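Given chain E, put chain Z in place with the hints provided.
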Amino acid sequence: MSRMLNLVQAINEALDLKLADDARVVLLGEDIGKNGGVFRATDGLLEKYGEERVIDTPLAESAIIGTSIGMAVNGLIPVPEIQFLAFIFPALDQLFSHVARMRYRSQGQFPVPMTIRTPYGAGIHGPELHAESVESFFAHTPGLKVVVPSGPYDAKGLLISAIEDPDPVVFLEPTKLYRAFREEVPEGLYRVPIGKAKRVREGEDVSVFAWGSMLRTALKVAEALERERGFTCDVIDLRTLYPLDRDAIVESVQKTGRAVVVHEAHKTAGLGAEIVSLINEEALLYLRAPVKRIAGFDVPVPFFALEDEYMPTEARIRAGIEETITF
Amino acid sequence: MEFKLADIGEGIHEGEILRWLVKEGDQVEQDTPLVEVQTDKVAAELPSPVAGVIERIVAREGQVVPVGTVLAVIREAGAHPAAAAASVAAPVAMDAQASAQEKPATQASAAQEERATAAPEASGAARRGGKRRALATPHVRALARKLGVDIDEIDGTGPVGRVTEEDVRRFAEGGRRPAVEPARGHTEHAVEAQPTTASRVATPEASGELVEQVPLRGLRRRIAEHMVLAKRIIPHATHIDEVEMDGIEALRERLRPYAEARGVKLTLLAFFVKAVAIALKEFPYVNASVDEAQEHVLLRRYYHIGIAVDTEHGLIVPVVKHADQKSVFDIAREVSDLARRARENRLSLDEVTGSTFTISNAGALGGLYATPIINYPESAILGIHKMAPRPVVRNNEIVIRNIAHVSLSFDHRIIDGGMAIRFTNRVRELLEEPDRLWAELR
Chain E
2 MSRMLNLVQA
12 INEALDLKLA
22 DDARVVLLGE
32 DIGKNGGVFR
42 ATDGLLEKYG
52 EERVIDTPLA
62 ESAIIGTSIG
72 MAVNGLIPVP
82 EIQFLAFIFP
92 ALDQLFSHVA
102 RMRYRSQGQF
112 PVPMTIRTPY
122 GAGIHGPELH
132 AESVESFFAH
142 TPGLKVVVPS
152 GPYDAKGLLI
162 SAIEDPDPVV
172 FLEPTKLYRA
182 FREEVPEGLY
192 RVPIGKAKRV
202 REGEDVSVFA
212 WGSMLRTALK
222 VAEALERERG
232 FTCDVIDLRT
242 LYPLDRDAIV
252 ESVQKTGRAV
262 VVHEAHKTAG
272 LGAEIVSLIN
282 EEALLYLRAP
292 VKRIAGFDVP
302 VPFFALEDEY
312 MPTEARIRAG
322 IEETITF
Chain Z
382 MEFKLADIGE
392 GIHEGEILRW
402 LVKEGDQVEQ
412 DTPLVEVQTD
422 KVAAELPSPV
432 AGVIERIVAR
442 EGQVVPVGTV
452 LAVIREAGAH
462 PAAAAASVAA
472 PVAMDAQASA
482 QEKPATQASA
492 AQEERATAAP
502 EASGAARRGG
512 KRRALATPHV
522 RALARKLGVD
532 IDEIDGTGPV
542 GRVTEEDVRR
552 FAEGGRRPAV
562 EPARGHTEHA
572 VEAQPTTASR
582 VATPEASGEL
592 VEQVPLRGLR
602 RRIAEHMVLA
612 KRIIPHATHI
622 DEVEMDGIEA
632 LRERLRPYAE
642 ARGVKLTLLA
652 FFVKAVAIAL
662 KEFPYVNASV
672 DEAQEHVLLR
682 RYYHIGIAVD
692 TEHGLIVPVV
702 KHADQKSVFD
712 IAREVSDLAR
722 RARENRLSLD
732 EVTGSTFTIS
742 NAGALGGLYA
752 TPIINYPESA
762 ILGIHKMAPR
772 PVVRNNEIVI
782 RNIAHVSLSF
792 DHRIIDGGMA
802 IRFTNRVREL
812 LEEPDRLWAE
822 LR
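Top to bottom, those sequences are chains E and Z. Residues in the first sequence are numbered from 2 upward in steps of one, following the numbering used here. Residues in the second sequence are numbered from 382 upward in steps of one, following the numbering used here.
If you're looking for bench data, these hints aren't it; they were derived computationally from the structure. Any given hint could be a false lead.
To be verified - Here are the simulated DSBU-like pairs of lysine-lysine, each with C-alpha atoms no more than 35 Å apart in a straight line: (1) E:199 / E:221; (2) Z:646 / E:268; (3) E:268 / Z:385; (4) E:256 / Z:527; (5) Z:385 / Z:527; (6) Z:707 / Z:767; (7) Z:385 / Z:702; (8) Z:707 / Z:662; (9) E:49 / E:197; (10) Z:385 / E:256; (11) Z:385 / E:199; (12) E:221 / Z:612; (13) Z:404 / Z:527; (14) E:197 / E:221; (15) Z:707 / Z:646; (16) E:268 / E:256; (17) Z:702 / Z:767; (18) Z:527 / Z:646; (19) E:256 / E:197; (20) Z:646 / Z:662; (21) Z:527 / E:197.
Claimed, not checked - For each label pair, taking beta carbons as the anchor points, the in silico distance ranges come out as: (22) Z:674 / E:282: 35 to 41 Å; (23) Z:449 / E:244: 40 to 46 Å; (24) Z:553 / E:328: 18 to 24 Å; (25) Z:383 / E:306: 46 to 52 Å.
These numbers were taken from a predicted model, which means no experiment stands behind them. In this text, a Cβ means the ideal position worked out from N, Cα and C, and glycines have one as well.
Chain E on its own, in the form it takes in the complex (with noise of 0.2 Å):
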């Protein structure tokens, strides 16, 4: 059986099954109880697994993730919710320094298996520091995975992945789609791999990589190229950005010839300079232009009356796309 889910709906279920499947799984965040969460992505969850499962906690991003370190390496699958992703600075240094090293510095004593969710990303007209895309702190980091869903089934599937994963994952959930679209998703535990891109559009001219909300607009620019031009995309959703299915990405480069890259964080340094590089290393002799990279600029995420300048917009994606082709 499958209905139509939104993305936010996607992933209660997840969590739902989750607990419900492995007395192991802890969820813990500010407000993620009694409330149901900012977004409602843990609503109904402490009525039904009760406090010691679904925890309301101080507003202290460090002791959650503090928390969640001390629970996984004794044997619990914590979930900790940040409720927006920019406010993970203060914990950065459990994560980076603990988080990710766990495993290495016990030589493989103690893994962590904890999944961070966090919503991120610009398009809901936040105040600051609601809306920051800084998935490259964290795919920088060895011993972090990295998974954005771009829709409600890969979101539920995704995430079972991540809480199933040995290993901490950062899980971060695209907010301007929480509740942007319905998809259909099946009831009941599935996965969807970690590690491994979708093409969700095919296509011979050139290749387009982007994940989380940008997946959506950049579908809508190739969905318009080729019934205005004929230009066709090999659309890919990335949905993890670390590791990075390398494969799918040089072997879309190397049947079209040209790539663009399109993300919401700033260009430099942002994930697109990591694509770029490696089709760089494993797919030069196949370009037929210049990888180009629509992303963010290099400024703060501006107040909401800016935020869609901001934003890559298909006007943009369209002008880099039609510049590549013809290049």
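Okay, now just chain Z, sitting in the frame of chain E:
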């Protein structure tokens, strides 16, 4: 909007930016002249297609750009400033080349020496260590490697001269050279073989001697390229003879009042053109060209005679089309009109291209003989030298006759000395005995 280099004459391939007549920020009306562009031998002013403001000048003076290149961005009246500029990719390599040539050094001071030696480096993207380096994407480079061709040998037809996939395939199929097209396609080879550009001039003068560095630009550059091309490809040989001009001179004197009454300044050159046109019909290989790629000879059944004119801008070769079908008066009238407009730099591209044979008339300046360089891809050129009274032997007696020397340089691949001599004899015969010239008229 993007203001691009359009094909301003039939089949031009590239143009050199001579001079911008506007600067960034200038307000222009539709048809305001924006830029002066030199194509093969003609300088043309390109007018603005729209009214607006010059937002950005992309192509720099001195830069040679292929047709279709964006020269400038014009913000049309009422358009948003950023929108127009966004899509223009600056041709980086050529910009660097242009800016390196922008300021001619007048003294070989230390700093200027540095700049002078740096000049060829600055253009490195296009040319490195005397060798041209093609602009191409990795994919195209890989293809060239696969097909076993040297990509640096290929003339790119893409934006800013980029070598495209199609260029590589065409090159691989057609052998080392593209099909012969007068004076185009080969130009890069010509420049490559001619290291007398800025680098050569600048480097040996580092000893502190006063030296003026003059950029090889415009018509001069065209001529240089064309001459190198001709000398490099065509094995030249020159045959020299003398022509007794008394007969034709007497005829000209007789006709002078008649010509003047018809508004024609009858010149000896007009008779030469006519005589050559008649002789060419009998010697098709002299009115021909070699297609190196296809390895065949094109015998041209039309007779367009180029007339090399010395102007203050340099050598220009306007063309008398279908000279065989025109009267001597027509030719005289046309030559004087073309020469005048050549000196005023007012010829159209059409009027300086398409010749099948060229006459270089140096008579007015003096001299005895010369070895003219063939106007590639033609197969021969006739030089006419100063007519003067000279002692000659006629019937074992020394007499004085008006003698002009002629020099015929010919493409020895397809014309042997015998043919060159017979052709010259025929021209001479028609001029020495003008009755024969008239007899051949149709």
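Here's how the hints hold up against the structure:
no., hint, in the structure
1, E:199 / E:221, "16 Å, holds"
2, Z:646 / E:268, "73 Å, violated"
3, E:268 / Z:385, "31 Å, holds"
4, E:256 / Z:527, "18 Å, holds"
5, Z:385 / Z:527, "34 Å, holds"
6, Z:707 / Z:767, "25 Å, holds"
7, Z:385 / Z:702, "31 Å, holds"
8, Z:707 / Z:662, "14 Å, holds"
9, E:49 / E:197, "33 Å, holds"
10, Z:385 / E:256, "32 Å, holds"
11, Z:385 / E:199, "41 Å, violated"
12, E:221 / Z:612, "59 Å, violated"
13, Z:404 / Z:527, "45 Å, violated"
14, E:197 / E:221, "22 Å, holds"
15, Z:707 / Z:646, "16 Å, holds"
16, E:268 / E:256, "26 Å, holds"
17, Z:702 / Z:767, "25 Å, holds"
18, Z:527 / Z:646, "62 Å, violated"
19, E:256 / E:197, "18 Å, holds"
20, Z:646 / Z:662, "27 Å, holds"
21, Z:527 / E:197, "33 Å, holds"
22, Z:674 / E:282: 35 to 41 Å, "39 Å, holds"
23, Z:449 / E:244: 40 to 46 Å, "44 Å, holds"
24, Z:553 / E:328: 18 to 24 Å, "22 Å, holds"
25, Z:383 / E:306: 46 to 52 Å, "33 Å, violated"
Hints 2, 11, 12, 13, 18 and 25 from the earlier list are contradicted by this structure; the remaining hints agree with it.
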